[in-house]
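Protein chains: 2
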Amino acid sequence: MEVGYGSGDKTGFFTQGRRSLKALTVQFKVKTVELARNIKKLGQDDPRRVIHSLKVGLALTLVSMFYYCQPLYSNFDETAIWAIMTVVVVFEFSVGATLGKGLNRGMATLMAGGLGAGAHHLANLSGHIGEPILLGFFVFLQATISTFLRFFPKIKSRYDYGMLIFILTFSLISVSGYRDDEILELAHRRLSTICIGGATCVIISIVIFPVWAGEDLHNLIALNIEKLGNFLEGFGDEYFKRTGVEECNEDKKILEGYKSFLNSNYSEGSLANFAAWEPGHGRFPFRHPWKLYLKVGTLARECAYRIEALNGYLNADIQVSSEVSTIIQEACTTMSLESGKALKELALAIKIMVQPSSADSHIENAKSAAKNIKSLLKSGIWEDIDLLKVIPGVTVCSILVDVVTCTEKIAASIHELASKAQFKSAESPLSEQIQSVKSAQMVNCPHVITVSESTLAASPSESSSAPKASKQSMEV
Amino acid sequence: MEVGYGSGDKTGFFTQGRRSLKALTVQFKVKTVELARNIKKLGQDDPRRVIHSLKVGLALTLVSMFYYCQPLYSNFDETAIWAIMTVVVVFEFSVGATLGKGLNRGMATLMAGGLGAGAHHLANLSGHIGEPILLGFFVFLQATISTFLRFFPKIKSRYDYGMLIFILTFSLISVSGYRDDEILELAHRRLSTICIGGATCVIISIVIFPVWAGEDLHNLIALNIEKLGNFLEGFGDEYFKRTGVEECNEDKKILEGYKSFLNSNYSEGSLANFAAWEPGHGRFPFRHPWKLYLKVGTLARECAYRIEALNGYLNADIQVSSEVSTIIQEACTTMSLESGKALKELALAIKIMVQPSSADSHIENAKSAAKNIKSLLKSGIWEDIDLLKVIPGVTVCSILVDVVTCTEKIAASIHELASKAQFKSAESPLSEQIQSVKSAQMVNCPHVITVSESTLAASPSESSSAPKASKQSMEV
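Those protein sequences? They're chains Z and X, same order as listed.
Numbered per our numbering, the first sequence spans residues 1 to 476.
Numbered per our numbering, the second sequence spans residues 1001 to 1476.
Rather than coming from a laboratory, the hints here were simulated on the basis of the structure.
In this text, all values refer to a predicted model and were calculated from it rather than measured experimentally.
Please note that a few of the clues may not be correct.
To be verified - Label-pair ranges, simulated between beta-carbon atoms:
#, chain 1, residue 1, chain 2, residue 2, range
1, Z, K295, X, S1126, 38 to 48 Å
2, Z, F286, X, K1420, 45 to 55 Å
3, Z, I208, X, R1019, 32 to 42 Å
4, Z, A199, X, R1158, 25 to 35 Å
5, X, R1018, Z, H128, 45 to 55 Å
Even for Gly, the Cβ is constructed at its ideal location relative to N, Cα and C.
Okay, chain Z solo, but in the shape it has when bound (with noise of 0.2 Å):
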C-alpha cells in the first residue's frame, strides 16, 4: 500500500513539476514580451531617447580611445579616467544641461585647482607638523562654506553642479600628498582631460540630432495652452450634453488632457535654466526671452486651476436641467468655444512664432457672450425656475467668465513674449494653417477640433518631458 502509495505521489511529483516548469516558462514569457513591449513603447513615445543612448555610448567609446592609442595615452597616462568620468557625467538630454554642466564643471576645476595649490602651498610652509592641521582646516572651512553656499536658490538652480566640483576638486588638490611643481601638473592634466571629455560630450550632443531644451519648452508651453484650448473647445457641446452631434470615442481623453500640465512647473521651471545655458539655434537666438515663457506658464496654469473646476461639473451627478440650459447654451457654449478658439490660436502663434493677433478677434467675441449672459443673468428670465435647478449652470458660467479673464491675461502676456521674442507679424499664412489642421482633423471627430502633436513638428509629450526634468536628480 505505502509503496503503491508512494510511487503514485512520485508520478505526481514529476507530474506536478512538469506542469510547474511550463507554468514557469509561459510566465517567463509573458514577463519577457511585457518588458520588451515596455521598452518599445518607451522608445516610441520619445525616439530621442534612443538616439540619446546611443550618443552616450559613442561619445564614451571616443574618450576611451585615449587607452588604446598609445600616442594619447603616454600623454595623460592616468588622469584619462578624468575624460571617462566627465563623459558620463556631464552628457544630459538636452544641449542646455549638458553645456550647463559642462561648464560649471570647467570653471570650478580651473578656480578650486588655483585656489587648492594656494593652499597647499601656504601648509607646505607651515613645517611638518602644521601642515596637516592647516590642510584640515583649510578642507573644513571651504567644504562648510561651500555648501552653505548651495543652499542659496540663485546659486543652487544655475551653478549647483559647479559647488560641487569646487568643493571636490580644492579638496583633491590641497590634500594630495604630491610636491607642488607636481600638483600643478596634476591640475594642468585633471583640467585638460576634463575639457577634452566636456568637449567630446557638447559636440557630441550639439553635432548628432540635438536636443534643445529650449524648444522643448517652447513646444511645451504651446502644447499645454493648447491642451486648455482643446478642453474648452470641446466643453460647451459636453457639458450640454451635444445634442445633435454624434458621440467621439476619443472626446474624454482629448478633454483631459489639461491634466497633466497642472503639475508642469517644476519641468518648466528646469527647462528655462537648462535654455539658459543654451547658444543661439534654429529659431530662437541667444538671449531669447525664456524667463517669459514661464510668466505665460504660470498664468495658463492659473486657467487650468478653472478649468478642474469645470471639469468638476462635467462629471457631476446633477446635471443642468433642460429649461436653464436652453437659456445659457448658447452664451456658454460661445464663451468656451472662443476662449478655447483664441487658446488654440496663441498656442498655435507661439508654435510657429508669430505675431498672436488672430487669437484677438476671438476673446473679442468671447468678452461680449460674457457681457450677454451678465445681462441675461439681470433678466427677468429666471422668476419662474427653481433656483437649485439653476446654481450649477450659474456657476459653470460663473466661472467660463473667469476662464475668459484668464484668457486674456495669456493672450496679453504671449503679446509681450511675442514682441520681446521679435516673432513675425501675422500674415494670412497663420489662419491658412489653422483652416488645413482644423479640416484634416474635421474628418476624425467631428466637433472637437485638435492641434495633435504630431500635426506640428517636433511638440514633445508631458511624458517625455517630465523625466527630462527629474532626470537631473541624482548625478555621481
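Using the hints provided, position chain X relative to the given structure of chain Z.
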C-alpha cells in the same frame, strides 16, 4: 585762463574721485550688509542648513585624514581620493538621500566592477588587435543599454544614481590598461575606499543632528493640510466682511499660506522617495507607509484648487450683497469653519500620530450645513432678489459644498493612513492639546486660530523643503 581752467579741472577731478570712491565704499558696505543679512536669513529659516554644512566639512576632514596618516595611506595610496569623492558626492541633506546614494554607489560599483573585470578578461583572450575593438564594443553596448534603462520611471526614481555609477565603473575597469590581477586589486581598493567614504557619510548623517526625509514629509503634509484649514477657518469672516471682528494684520498672510502647496507635489514625491531608504527612526518604523502620504497630499491639493477658486472670490471687486449675505452667511460660515476645523484636527492628528476621530464630528457639522444650504436654495426666499446679486454668493456656496466633499475624502485617506501606520487611538490628550493651542493663539489674533510651525515641534517650512528636494539636481 586755460591753466586756471585746467587746475580747476584737476581739483574737480580729485573731488570727484574722492566722492566716487566714497560712493563706492558706501555701496560696497550696503552690498556686504545685504549679503550678510541674506546669509543670516538663510540660516535662520532652517538652522539645519548650517548644521548640514558643518557636517559635510567634518566628514571631508575626517576622510582626508587618509592622506595624513601614513599607515592608512600606505594601504590605499592614491585610491584614497575615491573616499573623498564619495563623501563630496554622496553626502546629502537628509539621511534617506544619503543612504540611497551611498547604497546605489556601493552596489553599482560592486556589480560593474565584476562585470568590467569579466569583460576585460574576455577581451584579453582575443589577441592584440581584437582587444581594443572588443572592449570598445562592450563599452558602447553597456553605456547605450544602461543610459536607455535610466529612462524607465521606476529605475529613474530610485536607481538613477546607481545606473550612472554602473556605467562609470564598468568603463573605468574594462578599459584600464592593467593586467588582470591588478584589476581585481584596483576594483577591491575602489570598493573599500567607497565603502569607507559612504560609511563616514551615513554615520555622521545619522549620528549628528539627523535630518530624516520621512519626518520632513510627515510634517510637510500635516502643515499643508493645516494651511488649508487656516484658510477655511478664516474665510467665512473674511468673505462676509467680518462684522464685529477687529482687523488682524497677519490675516491675509495666513489665508494665502496654502498657495505654496499648489506646486509642492515634486517636493512631496522626492521626500517620499528618500524616506523609503531610511531605517526606522523615532516614531517611524521601517516600512512606514510613506506612499499613503502622497495620496493624502494629492487629495489635499485637489482641495487646494477649490480654495484657490474661493480666494478669487475673496479678492473680487463685486462683493456679496447684504440681503444675500444675511441669507447664506450662517450656512456658508459653518461649512467653511467646520471644514477648516476638521482639516486642522486632521493635521494635528497626523502631527501627533493619533487616530483622527475627533475630526469626524466637524465633518458631520459641515455636511449638515451643506444639506441646509441646499434646502435653503430650494426655498422661495430668492424670488424677490435680482439673480445677478445672488450669483457670487451662490457660487461660493457651491464651491464650499465641494470643499466639504474634498474634506471628507481627505479624512478617509488619513483614516487609512492612521490604520496602516497604526497611529495611537485618540483619547483626551488630543482635544486638550488643541484647546491649549487654541487659547494660546486666541490672545494674538482673536478669530483666526492657527497651529503655527513653532507651536508643534520641527515642522519644516515650505521654503526649507522645496530646495531640499530640488537640491538633488545636478550632482557630479
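Status of the hints after comparison with the structure:
no., hint, in the structure
1, K295/Z to S1126/X: 38 to 48 Å, "violated (59 Å)"
2, F286/Z to K1420/X: 45 to 55 Å, "holds (53 Å)"
3, I208/Z to R1019/X: 32 to 42 Å, "violated (57 Å)"
4, A199/Z to R1158/X: 25 to 35 Å, "holds (33 Å)"
5, R1018/X to H128/Z: 45 to 55 Å, "holds (50 Å)"
In this structure, the earlier hints numbered 1 and 3 are contradicted, and the remaining ones agree with it.
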